[in-house]
Amino acid sequence: MDGEPLGLCIRCTSISLGFLVGLMVLAQPKARWFRWALAMTVCQWLLALAIIDSEVLRVITAIALGGTAAPIVREGVEEMFTERIRTAHEPM
Amino acid sequence: MSQCRQCGATLPENSQYCLQCGTEIRDRQSPAPPETELEFLKPAVTGGLLLGVLSALPFVSSLNIICCLWAQVGGGLATWFLNKQRPGGLKYGDGAFAGVISGLIGAFIATLISIPVQLVLFTAESYAQAQEFLSRFPTMNPNLREAILQFVSPGFSLSRTIIGLLMNMVLLGLFAMAGGILTVAIVNRKKVD
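Chains as they are written, first to last, in this note's numbering: chain A, 1 to 92; chain B, 1 to 193.
These aren't lab readings, by the way, just hints derived from the structure by calculation. Just so you know, not all the hints are guaranteed correct.
[Stated by the list, open to error] Anything over 10 Å on all C-beta distances counts as not near chain B; from chain A, calculated:
no., residue
1, 23
2, 50
3, 57
[To be verified] With the C-beta cut set under 10 Å, the calculated list includes, among others, these residues of chain B facing chain A:
no., residue
4, 92
5, 94
6, 99
Quick reminder that beta carbons are idealized off the backbone N, C-alpha and C, glycines included.
Taking the hints into account, I'd like the entire structure generated from these sequences.
Next comes the structure, spelled out in C-alpha cells:
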C-alpha cells in the first residue's frame, strides 16, 4: 500500500476486510454460505498450490469467507453473553 | 385445528391419525425432549491443551500468523467435543463459550511452556544481537530502545511473562471463540441453517 508491502498477506487482508464489511452490513448469519465460502477458499488454496495462484481469486474467496463468517461470529458472541447473563440471573 | 401433511384434510384436536388417509399425526405440541446439560470443562481443557502447546512451541507457533490458526483449531476442537454431548443441537453461543474457555486455558498453558523456552532462546548472545540491531536506528526514542532491550533481556523475565500472558489471553481467547462459533456453523448442518 502506497509503495510499501502490507503486514499481512492479501488473503488475510481480504478476510479482515470481508469480516469488517460483514459486521457492518448486519446480515443474517447463513451457515450454508459460510460453508460454501470455506470450501471455495480451500479449493482456491489447493488450486494455487497445484496449478495457478491468482490474486483476484484469493481476494474474492477471502472476502466471501470473512463476510460470511462475520454475522455468524456476531450472533455467537451475542448469544453467549445473553445466555451467560440469563444463567447468572436464574434463581438457584 | 390442524391439517394432515399427507392429504391436507382438516384434523380434530389431539388426533393421532388422519381420518381421511390414515397417516399417523405426530403431535407438534408435545414438549421437546429436555436438552442435555452441556459439560464445557473437559472439551475446553482438551482444546486449550492443544492450542496452548502448539502456540508456545518455537517454529510450530509461527502458523499462528494465519488468523491465529492454532487458537481457532483449539476452539474448534473444544466445540467438536462439545457437539458429541448434544449432536446437532449446539447453538453459536455454546461454541463461543467453549472457545473462550479453551482460549484462556490455552493462554495459561502457552505462557507456562514459554518459560523454559525463554531460558533457551533469550541468551546473552541474542541480547547482543538485539543491541546491535537497534544501534542501526540512532534516532529511536531512548525509552523505547530501553523497553525493547528489557523485553529481550537474557533468561527469565517476570514482566515479559506477564505481558505475554495478557496478550495470549486476549488473542487466544478471541480467536478460539471465533473458531468455536465457526465450528458450530460447520458441524451443525441442520439446526443453524
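Taking the hints in turn, this is what the structure says about them:
1. Its beta-carbon lying about 12 Å from the closest one in chain B, residue 23 (chain A) satisfies the requirement of being farther than 10 Å from that chain.
2. Annotated as non-interface, residue 50 (chain A) keeps its C-beta farther than 10 Å from every C-beta of chain B; the closest such distance is 19 Å.
3. A cut-off of 10 Å between C-beta atoms confirms that residue 57 (chain A) is not in contact with chain B; the least separation is 18 Å.
4. Interface hint status for residue 92 (chain B): upheld, as the beta-carbon distance to the closest one in chain A is roughly 3 Å, under 10 Å.
5. Checking residue 94 (chain B) against chain A: minimum C-beta separation of about 8 Å stays under 10 Å; hint holds.
6. Given the 10 Å rule on beta carbons, the hint for residue 99 (chain B) holds: about 8 Å separates it from the nearest Cβ of chain A.
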